[in-house]
Amino acid sequence: MTAPIPRVRLARFRDLTLVPVIVILLVVGAILDPTFLTAGNLTNVLQQQSAISLLVLAEAMILIAGKFDLSLESTVGTAPAIAVMMVIPVTAGGFGIALPGALAIPLALLIGAAIGAFNGFLIIRFQLSAFIVTLAMLIIVHGLLQGPTEGKTLFELPDSILYLGSATWLGLPAAIWIAGVLFAAGIFGLGYLRVGRALYAVGGNTDAARAAGIRVDRVLYGVFIVGGTLAALAGILETGRLGAIGNNMGVGWIFMVFAAAVIGGVSMDGGKGTILGALTGVLVIGLVQNILTLIGVSGFWQPVIYGGIILIALMISRIAGGKAQD
Amino acid sequence: MTAPIPRVRLARFRDLTLVPVIVILLVVGAILDPTFLTAGNLTNVLQQQSAISLLVLAEAMILIAGKFDLSLESTVGTAPAIAVMMVIPVTAGGFGIALPGALAIPLALLIGAAIGAFNGFLIIRFQLSAFIVTLAMLIIVHGLLQGPTEGKTLFELPDSILYLGSATWLGLPAAIWIAGVLFAAGIFGLGYLRVGRALYAVGGNTDAARAAGIRVDRVLYGVFIVGGTLAALAGILETGRLGAIGNNMGVGWIFMVFAAAVIGGVSMDGGKGTILGALTGVLVIGLVQNILTLIGVSGFWQPVIYGGIILIALMISRIAGGKAQD
Amino acid sequence: GSGTSTTTTAEGGGGKVGIDHPRADSDFWNSYIKYVPQMAGELKVDLMPATNSQNDVAKLVNNVQALIGQGAKAIVMAPQDTGAIANTLQQLENKKIPVVTVDTRPDKGKVFMVVRADNRAYGTKACEFLGEKLGGKGKVVQLQGALSSINGRDRSEAFLECMKTKFPGITVFSEPTEWEGSKAASMLQTRLEQNPDIKGIYMHAGGVHLAPTLQVLKQKGLLVPPTDAKHIFVVSNDGIPQEFEAIRKGDIDATVSQPADLYAKYALYYAKAALEGKTFKAGPTDHDSTIIQLPNGLEDQLPAPLVTKDNVDDKSLWGNQVK
Amino acid sequence: MNIHVEARNVVKRFGPTVALNGAKIAIAEGETHALVGRNGAGKSTLVSILTGLQRPDEGEVLFSGEAAPALADRDAWRQRVACVYQKSTIIPALTVAENLFLNRQTERPGPIDWRALRARARELLDTYEVDVDAHVLAGDLSVEQRQLVEIARALSFGARFIILDEPTARLDGPAIERLFARMRSLREQGVTMMYISHHLDEVYEICQSVTVFRDARHIATRPVADLPHDELVAAMTGEATAAYASRSRTPGDRVVLSGEGLSLAGRYTDIDISVKSGEVVGLAGSASSGKVGLAETLVGLRKADAGTVTVNGTQVRPGDVPAAMKAGLGFVPEDRHHEGIIPLLSVGENATFPIARKLGRYGIVSPTRRRAKAEQMIEILDIKTEGADQPVGDLSGGNAQKVVFARALVDDPTVLVVINPTAGVDVKAKQALLGAVEDAVDRGAGAVVVSDELDDLRICDRVLVMFHGRVVKDVPRGWTDHELVAVMEGIED
Ligand SMILES: Nc1ncnc2c1ncn2[C@@H]1O[C@H](COP(=O)(O)OP(=O)(O)OP(=O)(O)O)[C@@H](O)[C@H]1O
Ligand SMILES: Nc1ncnc2c1ncn2[C@@H]1O[C@H](COP(=O)(O)OP(=O)(O)OP(=O)(O)O)[C@@H](O)[C@H]1O
Ligand SMILES: [Mg+2]
Ligand SMILES: [Mg+2]
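Residue numbers (my numbering), protein chains in the order written: chain A, 1 to 326; chain B, 1 to 326; chain C, 1 to 323; chain D, 1 to 493.
The set of hints was computed from the structure by calculation and includes no laboratory data.
Be aware that one or more of the hints could be misleading.
[Said to hold, decoys possible] BS3-like cross-link-like pairs, simulated, lysine-lysine; straight-line CA separation at most 27 Å: (1) Lys44/C to Lys34/C; (2) Lys218/C to Lys230/C; (3) Lys199/C to Lys218/C; (4) Lys59/C to Lys34/C; (5) Lys137/C to Lys95/C; (6) Lys110/C to Lys152/A; (7) Lys16/C to Lys108/C; (8) Lys59/C to Lys152/A; (9) Lys152/A to Lys108/C; (10) Lys108/C to Lys278/C; (11) Lys152/A to Lys164/C; (12) Lys95/C to Lys110/C; (13) Lys230/C to Lys133/C; (14) Lys152/A to Lys166/C; (15) Lys133/C to Lys164/C.
Work out the full structure, taking the sequences as your base and the hints as a guide.
This is the structure we're talking about:
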């Protein structure tokens, strides 16, 4: 009864394989640029990552449940945009329904949830490939932003939708608080709640999960709906940060989201990984981007360095994690 | 001994679940636009799809072997570009090595193979996640085009590299012949050669394949290298078709490549699908794009229709295939 | 200095200028990027290492924050999404950091100066050229950029509007190419198959559209001199050297020269001026342009000449200066 | 006698686990040599070393006195040894024919002649009397058919040394007999075999010598004739163990599980079944009798085309496992890999999923209470594991089966349905598992035992024998092996 203890400890540390990478990045950053370690800059990094981190949270849960969602990145722009178009006047690019401005956030979250539910419907009900369904949905959902707006940026937004992404609470941007609270909830939920553990069971072996009495379909619907809602919330935070909803909002994020989740130890094969690990993945990506910006690497070569760092982080996560990745 | 026969037939037809979709598209296209069914237009469709079809061929093989390669799309631009820069003079944007122009094609293929080999090395040797390795490589390889060219389009190309993509053989564009021959080789190789069947074994159950004496690592290296080489060849064909190598060549293709492979019946989980099926997937995508162009759907809404058609094709392929997709 | 500038404060032009480049994958912007350090040397601007937002406004916002953190006193940027930069401009205004935007005009938020050529004018010029060459009838194709880009949309809308009002006899096919050569080639090829009587093409970006268009025309045997009845009139946009080359050869007929060099020069010029405390007013300038008043600042509308066979060898065109 | 295969002083570690600790084995030319030991003793690990799939940390392997080939040289290994592994090496997406001739589809270089390949496959299947079509996908086969295909494949290599790792765990009586007939004729041809099984009577029937492993070490090697049954068991377990004595009891009156008018096309027709509290009902039948399909319907894994299932008084919606479990059902599915374990999750978590809601309030699962409960189950079922936090995927086959059992028992079920409950578990564990079923029944539960093993059925108060999808006979306690087999084969009545 003494042997197991180190094992448990080791398993816990496995979530934190990226911590050394983060420490190295902090040291390297501090050496390369004096601004880097200032509270202001680090706050900026956190704020900049807060929206995308919600996508990583969503994707990590979906991956752990053994599924896949590419369309999250399109929901980031479309959910708040459609919600906003339901509240703003026609002259500002609205649909002319002009619902009360206070409804913008609930509507956006609802739209995100609906997109998630539709993804879930196609994937669970029709047993279609999650990758391709959500790829098609990525295109369609983005089209649902581009179509009604005719490619134009929405910049006359109700204050309600701008608030969360731009407010400051207790000296820190509200977005950081929100992301922090949601990650804490995610870590707790996936670690200690029945429904959270069910995600691991479903992702680890769906048939066994069903045989263990877990309502697999319900869990999967739930995770897609929560995913879509988180993507909409990410869109709301980003809207507040940018002050407008452009047609490109969220476009191209999904690859970074996957990279963050996987270098953070979440498996693409389901059933493996933690939210805490995913969070460290987000931080690595955010710090790398910030350092590259600060030292002003030529835009032409930036991708090479950036991709190289992802590879290195991946290797460290592989070596420290000890197991082959899928 | 009578019952099994329809079953075999059915299994054969499973490759061809998209044939009804193709027929419908041909009928719909013919009704919507008189130009559609002309030899000229259909030749155009085939020519336009020939480069991307080689990527689908490559990706189908990699998927069947149970792996993943996102970086193919970057190889499309980078392999021919680097090769060209090794043969053209500095004034035209070259490196100043000025190798003989005839070497452009072999060099490009070699570069493609090298990129594939490097992917394989990281994935097989270090057992890293194929998705994220090739995602990082997608970024890096594209950076290797953008860095040396400093973002400029290469306009002055040696004739040798332009030839294949622009020549006409026996009244049809050479690119169609090349793609046709390679698909025939792929269908034959994966259907009738032991090494081709080994891909299915490796993708279906790696441990079992190893136990059966298949040199799993060698097969996987092979498939990544062939994949990279095909991507480079796709780049060569595209270079000939476009007459220049822009920084965006190939960018954004990979999603369409996956969509084509999966609606064509290739599983994202490995071990399942055929090259013939993948070919029907390419044709569906090509016809849809052509019809949308011909009828001139508003650019803003085009993605919605396009994504919708992918979903429908996916469902048909699911219903006709009879099995849940992964 | 320009005739409309006045110096209000005496403290000489101190402070670093931060600059963000919008993308690194288009010929036009790459020329601009190359001009920037050269012009900074000439104008003696204390330029910080440039950042690149790779066509992503969220990255642009992050980059600007980093530049400020590092002590930038003025910012030059080229936001490709003109709405989503509003908050950042607001923050910069609060910090009293002047902003010069290049190529695009932000919808909201204070700017010290917008340095741009009129993208709508590009579309109109192309329309007028094609309209006249075609004698007001026939079919033309416009290869659009990305519909989510303001410049692409401006060119497209102005082109269509001008066609509708001035040349109602001309049918326009608009092809959204997402700035991709591959899409452009496929769409043009298909359209020519469907309408062999197309007589004009307007390309939104020479960098990506030129080679594919020529290749398609060549394959169809339509790359013939203007004297030939089969000739298709092609107007391009950007003014890169390859377009000039094509004009000289008679492959295409015109291009709108978007002044990459002047963009770089005047962006830095105004940034420096802002740091020196100079102010400007609407009116003509000393460099063949006009400053106009915007609700949120000023805009210096640089000339964007239409280049044809007649003026293609003009040394002052930026496309004739690069190598 | 020449030693054909020898492993000396083999050490193999998996992280903190020592799977083999200086183990050895020597197999004489031409003999059929049994390797026995409790679950987790290291048998399968030795197999993977003897077949060149894994490199030992220490020690050496010799074939006919020569050092084993390099690990990478798969062809050399395949010439020396063929194997039926404990874990399936069937590739579901390929046809049976291709699975049989994987990586040797052609006899000569050149393209594959599919027609010829199918013919070869049919021939092979006929030789081994495997009733499977060569051209169906292997994934469409039943567990048992897959096993037969694996055996046919291993025997077809013409290797002089064949390893069979628990080949009979998933076979019924006649199939086992056919396998043994085959093995005898191979032995006559001078083929050396290593045979692993937890059915010790099989060891006596087919093998000449036996090696016992215990706790990763070699304990004894003897001719089977010199080693009586109880001594063999004692060598395996390290203590004297009596044979399992099933208990007698009187069933109560309350019906806890019933199925009425159940039919499922192609599997079974018009079945009525009812199980009382305090009663153990057996379901027996030869291959394709439909017993597994029926049991899976009773637990909700399958929807019947017609009929109703009532668990503990509640009529359960067809195909609704959670509802059945809520009504008081616990069950062990047929295939532990497929529907049993979640390999990456811990023993504790796998064992406690059905009672997660009882391990804390507000949807929270308390890790402490989970571990406590799991340790209790580990204790009761004697699961060999490093602790409740070890991933189930790292356990040996039999121990993984015990975890599935733990999951079935953890909620004190009123109805217990176990399908092939002792597949791959060792003698002592088998007793523990059958004992656990009987304990639950003594506490008032009703149980259904579906099994191909007569030993498992001995605890039943009555056995329903199925044949071609129908219940043909209700056999009360007190049957002899011969009688029951006769009914199962459809020979009697
Ligand atoms: N890949 C692995 N990783 C970690 N532990 C392993 C691995 N394979 C085997 N083990 C451990 O090694 C020990 C021996 O396992 P092995 O499978 O050889 O047992 P066995 O004798 O075949 O048991 P059974 O009769 O149940 O099949 C067990 O404790 C098992 O948990
Ligand atoms: N997944 C499946 N798909 C189609 N048929 C199946 C499937 N599984 C089993 N069968 C077939 O259904 C019939 C009844 O099988 P069932 O498993 O209920 O009986 P069984 O007595 O347990 O047979 P076995 O011992 O072979 O598993 C058999 O013919 C079997 O081959
Ligand atoms: Mg074993
Ligand atoms: Mg069975």
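Right, here's what the structure says about each hint:
1. Lys44/C to Lys34/C: Holds. Lys44/C to Lys34/C sits at ~16 Å (cutoff 27 Å).
2. Lys218/C to Lys230/C: 12 Å, holds
3. Lys199/C to Lys218/C: 15 Å, holds
4. Lys59/C to Lys34/C: 21 Å, holds
5. Lys137/C to Lys95/C: Status violated; Cα separation ~55 Å.
6. Lys110/C to Lys152/A: 20 Å, holds
7. Lys16/C to Lys108/C: 25 Å, holds
8. Lys59/C to Lys152/A: Roughly 19 Å between the alpha carbons, so the hint for Lys59/C and Lys152/A holds.
9. Lys152/A to Lys108/C: Roughly 14 Å between the alpha carbons, so the hint for Lys152/A and Lys108/C holds.
10. Lys108/C to Lys278/C: OK: Lys108/C and Lys278/C at ~23 Å, within 27 Å.
11. Lys152/A to Lys164/C: 22 Å, holds
12. Lys95/C to Lys110/C: 12 Å, holds
13. Lys230/C to Lys133/C: 13 Å, holds
14. Lys152/A to Lys166/C: 26 Å, holds
15. Lys133/C to Lys164/C: 16 Å, holds
Violated hints amount to a single one, hint 5; each of the other numbered hints is respected by the structure.
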